[in-house]
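Which chain is which? The protein sequence lines are A and B, in order. Numbering-wise (the working numbering), the first sequence opens with residue 568 and increments by one. Numbering-wise (the working numbering), the second sequence opens with residue 25 and increments by one.
Treat the hints with care, since some could be wrong.
Among chain A residues calculated to face chain B with C-beta under 7 Å, some are [to be verified]:
#1 Phe660
#2 Leu685
#3 Leu688
#4 Ile692
#5 Leu770
#6 Thr782
#7 Cys804
#8 Ile806
#9 Leu810
For the record, the hints were derived by calculation from the structure and aren't laboratory data. Remember, predicted model here, so these are calculated numbers, not experimental data. Here a beta-carbon is modelled for each residue, glycine too, at the ideal position from N, C-alpha and C.
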Amino acid sequence: MNNTWSRFNIVSVVLGFAFLYLPILLLVIFSFNESKLVTVWAGFSTKWYVSLFHNQGLIDAAWVTIRVALLAASVATVLGTMAALALVRYTRFRGRLLFSGMVYAPLVMPEVITGLSLLLLFVAIGFDRGFWTVTLAHITFSMCFVTVVVQSRLLSFDRSIEEAAMDLGATPVRTFFQVTLPIIAPAVLSGWMLALTLSLDDLVIASFTSGPGATTLPMKIYSQVRLGVTPEINAACTILIGLVAIGVLVASILTKRRAVQQERDERAAFAAG
Amino acid sequence: MRNLGSALFSRLVIIVPYVWLLFFFLVPFFIVFRISLSTMAIAQPPYVPVFGFADGLSGFIGKLGELHFDNFLWLTEDALYINAYLSSLWIAGVSTILALLIGYPVAYGMAKAPRALRPTLLMLVILPFWTSFLIRVYAWIAILKPEGLLNQFLMGIGVINDPLIIINTNWALYIGIVYSYLPFMVLPIYSTLEKLDHSLIEAAQDLGAPPVSAFWKITFPLSVPGVVAGCMLVFIPAVGEFVIPDLLGGSQTLMIGKTLWNEFNANRDWPVSAAVATILLLILVVPIVFFQNAQAKAEEKGR
């Protein structure tokens, strides 16, 4: 779709983006506020960042969160990629309808329901709540997001390359690891990153399924926010936003470089042929 | 040998995620349902199990007579719960409409932007989604408070004399939900608009249709799948939202996600919260199935 970019179009895009970014920008600005009040500017200061690094509770929670997220995202990526393969490659198997239902439902399921139901499962089977229950819960809800990301890549996949590999005698497993996986790797990687941020971010499901000694960073931030808005929380949030921004920037540069490289390779192959 | 390997590989790829989701997604719902039929007890866990796995089939049938629907009756008797359900549906509905009204022009503007600019715009819409949901809701507290930044600004430029009371009202919830879920509305609409065949609109304009009527007769109807997907992605999670009503809504607003949370964490009444969750799920089954059909259709098209 293309036509002239009218003034109305430009204004609506600019206003929409201002709405999306202004609150985050204000939050970042007030993390450098001298005053303890988050709404009155009293000069520039980095003291809240210093006090943040002396807050042992927050640092412990951050450490728990990172371990949960890394583990959960990695397992979710394996399971989610398998589910995507199952949905795209095998259009007919018993219970496929139920399967696709179970993959799509968690995408929109309210978190209170997912959290409560998983907690009751862990209680019913007598599994002590803590690090492992949060990790299992995060694997379950984030794997479905991985599936959707990988699935859309697999749908545009040229299967003749796989067939060629099989014709040349490669086993299905070998074909998958040496032909399919390298091609879908960017989608798998972005699925992993999505699962990672979902896990880092989750408050509700973690609150239900966590136990003593496994307080995650969002749970810690939430309990402090309930006591009142403080610049220290703003500082913690700013660091998180900065980390995410760097991660996304690096990922987009890498994919761009990769795309350029791929194009160059293809052109070289054409020239050689 | 190769056929055997192929069969094994395909089995594995299907069975492992299947069993995982059965155990961690589907089975828990049955447990929720089971506990919603039990009675509360001061114990650990705080409920009296209705039918255990040890009883076998005869025990199961024998105990069917002892089932308690008291928790569900309790929900219908207490106006608090009915009001919480209705108000959740209302708040989610209004927020979805507002998100559509804001999100559609943004998606439309993005789809009409110069081709070279589009990937950047797309990334800018996705980026807030990568920053913490909790942080984004938290950011609004400082803005919407009576002495907050919005009121300071509006009073500073002389639009209002007295601060607007927004926080702890439904308006704070609408703003919070629209803000948090806007990317979910913009993305599906943008992707349908972007793929739209522009020659159709040119044809309409060549035949004398003014731009506005060409939009309503051609562009909008063709973008309906994106609108439906966007509305479902906002509406369904918003109905059960907890963080937004808790942080921005205060005690004066009522949403079922918060009621469930309080019932569970403050009152420790597991059977009633399980019943609340069961009914919430039943309410959401229709839109969820609707969403899945749309999703499956999109998948078919992509094939």
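Hints, verified against the model:
Satisfaction of the interface hint for A/Phe660 is found here, the shortest Cβ-Cβ separation to chain B being roughly 6 Å, below the 7 Å cut-off. Using the Cβ-Cβ criterion of 7 Å, the hint placing A/Leu685 at the interface with chain B is satisfied: the shortest such distance is roughly 6 Å. Annotation: A/Leu688 was flagged as interfacial toward chain B, and the flag holds, the nearest CB pair being 4 Å apart, inside 7 Å. Given hint, A/Ile692 at the interface with chain B, is violated; its Cβ is 9 Å from that chain's nearest Cβ, farther than 7 Å.
With a cut of 7 Å, the hint placing A/Leu770 at the interface with chain B holds, because the nearest CB-to-CB distance is about 5 Å. Among the interface hints, the one on A/Thr782 is violated; its C-beta lies about 14 Å from the nearest C-beta in chain B, farther than the 7 Å criterion. This hint holds: A/Cys804 has a C-beta 4 Å from the nearest C-beta of chain B, less than the 7 Å allowed. Below 7 Å, beta-carbon pairs count as interface contacts, and A/Ile806 has none with chain B, the closest being about 11 Å; its hint is therefore violated.
Below 7 Å, beta-carbon pairs count as interface contacts, and A/Leu810 has none with chain B, the closest being about 10 Å; its hint is therefore violated.
Checked against the numbered hints above, the structure violates hints 4, 6, 8, 9; every other hint is satisfied.
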